[in-house]
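Q: If you want the building blocks of each chain, they are given just below.
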Amino acid sequence: MADHRSKGLNSERIFLYAVLLFLALLFLLPVYIMVSNSFKPLDEIHSGNLMALPEVWTVEPWFTAWSTAQIGVQPTGLKPYFVNSFLLVVPAVAISTLIGALNGYILTQFRFRGAHVLFAAMLFSVFIPFQIVLIPMAKTLGVLGLAGTVGGLVFVNVVYGIGFTTLFFRNYYAAFPHELVRSARMDGAGFFGVLFRILLPNSAPIIIVTVIWQFTNIWNEFLFGASFSDFDSFPLTVALNNLVNSSTGVKEYNVHFAGAFIAAIPTLVVYLVSGKYFVRGLMAGSVKG
Amino acid sequence: MRAGALPKLLLSPSVLLVLVCVYGYIMFTIYLSFTPSTLMPVYDWVGTDNYRRLFGLENWNVSLSNLLVFASLYIGVATVLGLGFAILIDQQIRAEGAFRSIFLYPMALSFIVTGTAWKWLLDPGVGLERTLHNLGWESFAFGWIKEGDLAIYCVVMAAVWQTTGFVMALFLAGLRGVDAEQISAARVDGARTWQIYLHVIIPQLGPVFVSAFVILAHMAIKSYDLVIALTNGGPGRSTWLPSVFMYQYSFTRNEMAVGAASAVMMLAAIGLVVLPYLFSEMRKVKNG
Amino acid sequence: MASLDLINVQKSFGSMQILHDISISHGDGEFLVLVGPSGCGKSTLMNIIAGLEEPTGGRLQLDGRDITSLPPADRNISMVFQSYALYPNMTVAQNIEFPLTMRKVEKSKRAERVKSVAKLLQIEHLLDRRPRELSGGQRQRVAIGRALAREPQLYLFDEPLSNLDAQLRLDMRTEIKKLHQRLGATIVYVTHDQIEAMTLATRIAVMKGGVVQQLGTPYEVYNRPANTFVAGFMGSPRMNLTRADVVAGNGALALEIRIGDRPRVRIDLPPMPALMDRYVGREIIAGIRAEAVSLAREGMVAGATQRLLDARVEVIEPTGADTLVVLNLGGHEFTVRLEPDVSLKPGQDARFIVDLTKLVCFDAETETLIA
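Protein chains in written order, with my numbering: chain A, 1 to 289; chain B, 1 to 288; chain C, 1 to 371.
Errors might be hidden in some of the hints.
What the hints assert, rightly or not - From the structure, some residues in chain C lie toward chain B, with a derived Cβ separation under 8 Å:
| hint | residue |
| --- | --- |
| 1 | Ala50 |
| 2 | Leu70 |
| 3 | Pro72 |
| 4 | Ser78 |
| 5 | Tyr87 |
| 6 | Pro88 |
| 7 | Val105 |
| 8 | Lys107 |
| 9 | Pro270 |
| 10 | Ala274 |
What the hints assert, rightly or not - Taking CB as the label site, the calculated pair distances span:
| hint | chain 1 | residue 1 | chain 2 | residue 2 | range |
| --- | --- | --- | --- | --- | --- |
| 11 | C | Ser38 | B | Leu68 | 29 to 37 Å |
| 12 | C | Lys178 | A | Glu179 | 45 to 53 Å |
| 13 | C | Pro273 | A | Glu179 | 38 to 46 Å |
| 14 | C | Thr68 | A | Ala174 | 45 to 53 Å |
| 15 | C | Leu183 | A | Pro177 | 45 to 53 Å |
| 16 | B | Gly97 | C | Ser12 | 21 to 29 Å |
| 17 | B | Leu68 | C | Leu70 | 50 to 58 Å |
| 18 | A | Val273 | B | Thr38 | 43 to 51 Å |
| 19 | A | Ile208 | B | Pro276 | 26 to 34 Å |
| 20 | A | Pro177 | B | Pro276 | 46 to 54 Å |
| 21 | B | Gln92 | C | Gly39 | 36 to 44 Å |
| 22 | B | Gly97 | C | Lys178 | 34 to 42 Å |
| 23 | A | His46 | B | Ala268 | 43 to 51 Å |
These are calculated hints, taken from the structure and not from any lab test. All residues carry an ideal CB built from backbone N, CA and C; glycine is no exception.
The shape of chain A in the complex, shown without the other chains (with noise of 0.2 Å):
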């Protein structure tokens, strides 16, 4: 709050970081659990405290998680899903920027009829519920034999990202300045010329914020993964999941929290080495219009 006066260090102020801290470590606790607990022997696990670090640490449950789980027909571990998940997010998120990116030019440097009703309509396909595209996309892939690769999923991804990259795009192009745009066009640049010239090489924050946004949105997607995938095409989540659902045999908690664990780095890591972007894509993605 904007008070400037010096804050000595109280019996406030210690209690203030006192709930702080206890709640910071509230919320590190399932991650703490999760690597923690991917360290230990399974019946270390069955016999000891979920809350405490490892007595005999072991790498196994890891290479068992990446390598040799029963997850789909073979025991594979996660590898070729983190691989499929890989094959997924790229192109997905490099179509969907760039689809973005073009539809937020035309909407904000073009004048036409209709261009506000086709923004709104964009803008609500994010609210909308999936479920209630997943009948007929399942025989739309059918049809374009897209059904069970990875290729139908970067497909589903991609128009289902639409809305935010037009979103994200839209608004910051409509906050860019005129003149140079103007200017620009004045001496001479066409269409492209003003996307590629002027646009883009300004659009360092709008990139990087959608990137990390549809990177995170679609490495940790799951209904579209369910329903469209098939054994050799699931993406991570929908394998982490399978290996964390079987009810069969003795469930190895540690090869399940070492499994979540290498589903949450890529996200994770983006998270903390992006921070602002992370939170701006957040906030532009609640505050609309």
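Given chain A's structure and the hints, the job is docking chains B and C onto it.
A: Structure of chains B and C alone, referenced to chain A:
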């Protein structure tokens, strides 16, 4: 600049895709809900049969009441906690960035990961209950996740943990958007810190409450991944939500039309929450 | 009402020192204006007096009571802010009564007080409105009303008129002066507008670079500026300043204004303070205000403290109320204020009569007044 042919041309693929894959599919699914489709789509018209059947199904009614409980707790608790965290962080904390990062990181995780972590944490045989038993607190009972009536509260807990940081970020931005001179004026007027929050700052946060509500409500209605990972709808069907119902009935139980009807109800609920908000925001933008 | 004492107040932010050793004694019922260009530290000093910031050194006393480390709520002061800072979610009445509510004054007394304040400021008809429905001037009155509600010992005004348009600013300025006369309040007022300072203050503190350049009455600050900064900052048009040499001759001193090495104009001075003798043969900075010069009429004779000067007219600026004329005197430009209906033409040579009792001289190196 007036749009020539090129911009319109380049915009049209997106428009087409959205028109077909969003609105077209919605129409399709709505139509399906009026057909007798079971395993595969068929296109005869049966009127509102499926809807009548839907609301007569216990599974659906359980899903609906679960959604009500889940949504109201989730929205309520996340909003209160988010506001609370934001106020705490607003007190010019050292290492503010670190605290914010810690409260916000769950948003970077997939709901599947969250569900997995919490699933075992809440499991009485392995998680918190077991740990406290081992530490000597024998009578501690926390097997909610295994109990039909209480499992839904576990879903609330995990969902709140995931999204509170986001609500905090929204409120923090709102808190800091309040004119600093008003706060100075209130201090000169004799208000203590808590009074300034109560009388001056929070009343101005109306729009943030609305934004938070709309986003949380729409996330609650769409919740699927978390339930699947945490409880898989169980025990039994006690944590079914409409999203789970839809998936089960459309793909597992071969009652596609009923599933379609449930999806339409979900869409209606979201429309109810989101459309008024979108309209007012778009009107604000149009009026400059 | 009460007196305010600032004793050696310092303020630094990290390694940047904003306020250097400010000491001001402000009496009961006085109207003190802190004036200076942006960045001079006046707002920081105001915040320190209010308790919104803490000084890094020095003390503040209100009516003898040390308030240096007290929070604003305990200082018994009120403040009017530049942007009015009205609470948008409350009505005008609730805004005005807020300080009373915070001090747990009972309801009927609060209502009474709000009514009397609203009556004084003529905003009774606005009591149920919200700030966003009010004009700038109305918001200003509400802000003042909120400050008046508590009857504090000290009123602080932080550039309250800056956001108003020119005519409204003049009207409100008069209102504030009337309020001061009526209430006998002790006021500290910050502005960057030196005319506001002159018209409102009983004493002015001219600030620059975190230092009080001069603390004095409007008359003193205008006619006996402590240094060339104050001379140039106060008054519009600014005081004419030029370098000149002091020479001795004819039993008295004279000023010679030069271009390069050649003396151009010689002005014999009337008896000057003894201190001036030390400057014979040296350069000083001479200053005279635009009003001290008038057009010499036919047959006018210069009195003992007046001199006749010939100069060339360069530019004529009629303002309606008078005519500002830029003259070329000895190669230097002087602005003089003449009657509104004077008939001069650019390029014309004319004779002017200068009132040398208004002459002020500054040391050329320290730029301070030679008194």
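Q: Hint by hint, say whether it matches the structure.
A: Now the hints, each set against the structure:
no. : hint                             : result
1   : Ala50                            : holds, 6 Å
2   : Leu70                            : violated, 12 Å
3   : Pro72                            : holds, 4 Å
4   : Ser78                            : holds, 7 Å
5   : Tyr87                            : holds, 5 Å
6   : Pro88                            : holds, 6 Å
7   : Val105                           : violated, 10 Å
8   : Lys107                           : violated, 16 Å
9   : Pro270                           : violated, 52 Å
10  : Ala274                           : violated, 50 Å
11  : C:Ser38 to B:Leu68: 29 to 37 Å   : violated, 58 Å
12  : C:Lys178 to A:Glu179: 45 to 53 Å : holds, 48 Å
13  : C:Pro273 to A:Glu179: 38 to 46 Å : violated, 60 Å
14  : C:Thr68 to A:Ala174: 45 to 53 Å  : holds, 50 Å
15  : C:Leu183 to A:Pro177: 45 to 53 Å : holds, 50 Å
16  : B:Gly97 to C:Ser12: 21 to 29 Å   : holds, 26 Å
17  : B:Leu68 to C:Leu70: 50 to 58 Å   : holds, 52 Å
18  : A:Val273 to B:Thr38: 43 to 51 Å  : holds, 49 Å
19  : A:Ile208 to B:Pro276: 26 to 34 Å : holds, 33 Å
20  : A:Pro177 to B:Pro276: 46 to 54 Å : violated, 34 Å
21  : B:Gln92 to C:Gly39: 36 to 44 Å   : violated, 25 Å
22  : B:Gly97 to C:Lys178: 34 to 42 Å  : violated, 51 Å
23  : A:His46 to B:Ala268: 43 to 51 Å  : holds, 47 Å
Hint compliance for this structure: hints 2, 7, 8, 9, 10, 11, 13, 20, 21 and 22 are broken, all remaining hints hold.
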